[in-house]
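Peer 1: Put chain B on the given structure of chain A with help from the hints.
Protein chains: 2
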Amino acid sequence: MNELSPDIEFLHSALCEESCLNSLSDFHLWFKKQQEKTHVKIEMIPFAELKNWKFDSKTTNLKHYSGQFFSVEGIRINTNRGIKTTWDQPIINQPEIGYLGIISKKINGILHFLMQAKIEPGNLNYVQLSPTLQATKSNYTQVHKGRVPLYLEYFNGKSNAKIKILSDQLQSEQGARFLKKRNRNIIIEVKNDIPVYDNFFWLTLGQIKDLLKYDNLVNMDTRTVISGISFIDNFIEPDTSFLSEELQRKKIPQKQKDFLLSAVDTKNSKNTFDDILSWLANLKFKYELEVQRIPLNDVKEWIKTYYDIHHIQKKYFSVIAANIEIGNREVFGWTQPLIKSAQEGIIAFIIKKINGVYHFLTQAKTEAGNFDIVELAPTVQCLTGNYRADENEYDVPFLDIVLNINKEQILYKTMQSEEGGRFYKEQNLNMIIELKENDVLHLPENYKWLTLNQLLIFIKFNNYLNIQARSLISAINFRNYE
Amino acid sequence: MNELSPDIEFLHSALCEESCLNSLSDFHLWFKKQQEKTHVKIEMIPFAELKNWKFDSKTTNLKHYSGQFFSVEGIRINTNRGIKTTWDQPIINQPEIGYLGIISKKINGILHFLMQAKIEPGNLNYVQLSPTLQATKSNYTQVHKGRVPLYLEYFNGKSNAKIKILSDQLQSEQGARFLKKRNRNIIIEVKNDIPVYDNFFWLTLGQIKDLLKYDNLVNMDTRTVISGISFIDNFIEPDTSFLSEELQRKKIPQKQKDFLLSAVDTKNSKNTFDDILSWLANLKFKYELEVQRIPLNDVKEWIKTYYDIHHIQKKYFSVIAANIEIGNREVFGWTQPLIKSAQEGIIAFIIKKINGVYHFLTQAKTEAGNFDIVELAPTVQCLTGNYRADENEYDVPFLDIVLNINKEQILYKTMQSEEGGRFYKEQNLNMIIELKENDVLHLPENYKWLTLNQLLIFIKFNNYLNIQARSLISAINFRNYE
Numbered sequence: 000m001n002e003l004s005p006d007i008e009f010l011h012s013a014l015c016e017e018s019c020l021n022s023l024s025d026f027h028l029w030f031k032k033q034q035e036k037t038h039v040k041i042e043m044i045p046f047a048e049l050k051n052w053k054f055d056s057k058t059t060n061l062k063h064y065s066g067q068f069f070s071v072e073g074i075r076i077n078t079n080r081g082i083k084t085t086w087d088q089p090i091i092n093q094p095e096i097g098y099l100g101i102i103s104k105k106i107n108g109i110l111h112f113l114m115q116a117k118i119e120p121g122n123l124n125y126v127q128l129s130p131t132l133q134a135t136k137s138n139y140t141q142v143h144k145g146r147v148p149l150y151l152e153y154f155n156g157k158s159n160a161k162i163k164i165l166s167d168q169l170q171s172e173q174g175a176r177f178l179k180k181r182n183r184n185i186i187i188e189v190k191n192d193i194p195v196y197d198n199f200f201w202l203t204l205g206q207i208k209d210l211l212k213y214d215n216l217v218n219m220d221t222r223t224v225i226s227g228i229s230f231i232d233n234f235i236e237p238d239t240s241f242l243s244e245e246l247q248r249k250k251i252p253q254k255q256k257d258f259l260l261s262a263v264d265t266k267n268s269k270n271t272f273d274d275i276l277s278w279l280a281n282l283k284f285k286y287e288l289e290v291q292r293i294p295l296n297d298v299k300e301w302i303k304t305y306y307d308i309h310h311i312q313k314k315y316f317s318v319i320a321a322n323i324e325i326g327n328r329e330v331f332g333w334t335q336p337l338i339k340s341a342q343e344g345i346i347a348f349i350i351k352k353i354n355g356v357y358h359f360l361t362q363a364k365t366e367a368g369n370f371d372i373v374e375l376a377p378t379v380q381c382l383t384g385n386y387r388a389d390e391n392e393y394d395v396p397f398l399d400i401v402l403n404i405n406k407e408q409i410l411y412k413t414m415q416s417e418e419g420g421r422f423y424k425e426q427n428l429n430m431i432i433e434l435k436e437n438d439v440l441h442l443p444e445n446y447k448w449l450t451l452n453q454l455l456i457f458i459k460f461n462n463y464l465n466i467q468a469r470s471l472i473s474a475i476n477f478r479n480y481e
Numbered sequence: 000m001n002e003l004s005p006d007i008e009f010l011h012s013a014l015c016e017e018s019c020l021n022s023l024s025d026f027h028l029w030f031k032k033q034q035e036k037t038h039v040k041i042e043m044i045p046f047a048e049l050k051n052w053k054f055d056s057k058t059t060n061l062k063h064y065s066g067q068f069f070s071v072e073g074i075r076i077n078t079n080r081g082i083k084t085t086w087d088q089p090i091i092n093q094p095e096i097g098y099l100g101i102i103s104k105k106i107n108g109i110l111h112f113l114m115q116a117k118i119e120p121g122n123l124n125y126v127q128l129s130p131t132l133q134a135t136k137s138n139y140t141q142v143h144k145g146r147v148p149l150y151l152e153y154f155n156g157k158s159n160a161k162i163k164i165l166s167d168q169l170q171s172e173q174g175a176r177f178l179k180k181r182n183r184n185i186i187i188e189v190k191n192d193i194p195v196y197d198n199f200f201w202l203t204l205g206q207i208k209d210l211l212k213y214d215n216l217v218n219m220d221t222r223t224v225i226s227g228i229s230f231i232d233n234f235i236e237p238d239t240s241f242l243s244e245e246l247q248r249k250k251i252p253q254k255q256k257d258f259l260l261s262a263v264d265t266k267n268s269k270n271t272f273d274d275i276l277s278w279l280a281n282l283k284f285k286y287e288l289e290v291q292r293i294p295l296n297d298v299k300e301w302i303k304t305y306y307d308i309h310h311i312q313k314k315y316f317s318v319i320a321a322n323i324e325i326g327n328r329e330v331f332g333w334t335q336p337l338i339k340s341a342q343e344g345i346i347a348f349i350i351k352k353i354n355g356v357y358h359f360l361t362q363a364k365t366e367a368g369n370f371d372i373v374e375l376a377p378t379v380q381c382l383t384g385n386y387r388a389d390e391n392e393y394d395v396p397f398l399d400i401v402l403n404i405n406k407e408q409i410l411y412k413t414m415q416s417e418e419g420g421r422f423y424k425e426q427n428l429n430m431i432i433e434l435k436e437n438d439v440l441h442l443p444e445n446y447k448w449l450t451l452n453q454l455l456i457f458i459k460f461n462n463y464l465n466i467q468a469r470s471l472i473s474a475i476n477f478r479n480y481e
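Going down the list, the sequences are from chains A and B.
Counted from 1, the first sequence has number 171 at position 172 by numbering that gives the first Met the number 0; the numbering is strictly sequential.
Counted from 1, the second sequence has number 434 at position 435 by numbering that gives the first Met the number 0; the numbering is strictly sequential.
It should be emphasised that the hints constitute simulated quantities derived from the structure, not laboratory data.
There's no promise every hint is true.
Put simply, identical chains are the same to the list, so a pair is met inside one copy or across any two.
[What the hints assert, rightly or not] Pairs of lysine-lysine, DSS-like flavour, derived with a Cα cap of 27 Å:
#1 Lys285 <-> Lys83
#2 Lys285 <-> Lys459
#3 Lys136 <-> Lys179
#4 Lys57 <-> Lys299
Nothing here was measured: the structure is a model prediction, and the numbers come from that model.
One chain only, chain A, in its complex shape:
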């Protein structure tokens, strides 16, 4: 039969905020030191000064000489959904599946995660908390002839250490910016002792979740990996007795108990899985999304200058080029294109108790780069331009509720960054707000109430939840709300 399941280990780690090994104040001292010793210099340059990158003479796309890493290309969208049914846009094409991998290890009986203080050119604060391994295929097959990424051997089977896979999923990235990009989100448990290099630090899951209350500290890659953690192993045989014991044993505030119960409850959902799957089948059936790859120069309503590629109304985002110097002891220098958002965004889940269990108001959202027409998204996901009165292209349902909610109904509110390797200082307001049980909402056809348990099971089956929904789910702190 099956090996012992990782669910209890994950739960213990999630409920452990003070590691025997490192306290959170240890962490903050260490992290501050990592930031201080970091040298970062980033300047915008004209495209012509990019080294090893060029606009391809045939396709006009912006690509690396090696043909690896990523390219900026054009797409033309035709859809029968929404008000704007056809448009062109630049998009990042990165067909490789990369690793977002976290090494975990049981230390004094509690699962700890080996986190990295990683510098990325586009990061706000330069250094953010990253997974142990964050590598594109070009990285780990060494197209760039750089160093082998640290800890790669634990993920690709080249280490002799005893390793157990705890979580392993292929998940999408931003569908509005990437063409069908996916990463392998993987958490492994190493049974042996392993070296801990200078910019790495052991934290419990509870500690990482605590750090998510700070702005722009935990990077997007960490958030997507930990969003895949669920607390029931074999979801078709949920044994939640260990949870009840745990809740009795520890003093846990009511709201955190409620979240935990919503994560494992399988009896009180408003909609069955069959309901939800039928709802998705109907939307995918009804809405068409035709994405045609076109030369970057053919993208209509976008303007290419020496310094950027931007929308004629300066909306959405622009493609820029940067000269980058980064390092602490060793300094690395390179040039690369980056994506710069025209404005901040907001992502928010509205949640509510139904049948005594937290339900999340989930949106089936179409984005150009989606793997399969629609993905499950937060209740609200938009650029801030969309709610400035005179710039609206369309109404954003429930946005007014999110913006006007009473302070005591806000369970979570921070700024969180997009991936700093591609996006230049891009951040979104992340919110979770709770409605009262007797608040009644009228739902458009593309909204449905899902329990946290249902969302976590959809995450397991890959490509159902978009990265924004996963980011918010990663922030759910079972231990410590203020």
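Peer 2: Chain B in isolation, oriented as in the chain A frame:
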């Protein structure tokens, strides 16, 4: 809370072989009559004689004047999997999602399915048993200005009848022949009385499954729709008590009991869902499949003549053109391209009891048109050419076991057709064979043992099981093996 679940209704219908309404001998009489009154005339014609179809002057692809229905295009494949890592081939591109819909209705307490005796040009026997509604978007949006398909109104919300959706999935078609084609496989229950037209007939699920023991009677579309039926509703709360009662009440042979238990068992699987999902993530991560659309004329190693497009070694399949006359009272005539297979194929599941429960040896298979690199396929799936000694391109694992198995270990063996609207008289040998519990197989990395319950849950989540695997699963007859 949720409405009453359809699982028990499906089970009752599956265990009911003699409907109060229609006996199987009634059916055979009716079906014979349908065949006899059918007028079918099909002749091969040169491409130049196709009406409303042309080779596009720009793309050289074979398409309908309307731009609708489907087109025959070229693709170029690059993969790092297998011995042959690059090839060109023609492929059918039909981006529309069509309906494969069955109307069901409770008659004397038992769910009956409204089946259609449908003529398709490529069908062996011309008439096969089809779903109530089988329609491409071009059909039901009436691009061809023909008649509205019968019963469409029950599926598209235009009828006032009381309707409940029992099963609703988007499922793939043949990945070697279609580019990412999917259909909406849907079963609805109608509470009102509805008209039954001449070529329609009510059958229980048990009766349909009985008919699957005949060669080429139940068409592919019916098989894929009924493969999606599971006997536990909310799979995360499997309540199997009704099943035990049912099994005690009725006299059911042991093997059928074993299949039923394997369909609902959630405790005795060799691999957990997390194991299986991690196995799939690893294969999708490791293997690349780049499919580039190219002009049909650029497809290397294929020859276009006046009458067909075939492979230089006459392998695989050819594209042909046909003039078709079909009808009983009214006669319809049209021309269209068809795909003609170069040889028959074989698909087979090897099954075995592990921990007392049937496990199916499942293959993670890469096909050019797959939605997502690999899909779950039967143990063996190949063209017969692959096992004629001197024509092998590659070894087919487990094929020797399937071909040399003792007769008493064969649980299922029939010829079944591919979809007659696209494929010309194409059939595959369908087999399910049972190994002894102490038979040990060495599994290559892309094979894994899954229970029937696990396969049925993967079907629910769409695009996991390929059409060949679903065809075999549809044939599992819980009532009546010989």
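Peer 1: For each hint, tell me whether it holds in the structure or not.
Peer 2: Against the structure, the hints come out as follows:
{"no.": "1", "hint": "Lys285 <-> Lys83", "verdict": "within (16 Å within a copy, 38 Å between copies)"}
{"no.": "2", "hint": "Lys285 <-> Lys459", "verdict": "both (25 Å within a copy, 19 Å between copies)"}
{"no.": "3", "hint": "Lys136 <-> Lys179", "verdict": "both (16 Å within a copy, 25 Å between copies)"}
{"no.": "4", "hint": "Lys57 <-> Lys299", "verdict": "both (18 Å within a copy, 23 Å between copies)"}
Consistency with the previously given hints is maintained throughout, with no hint failing.
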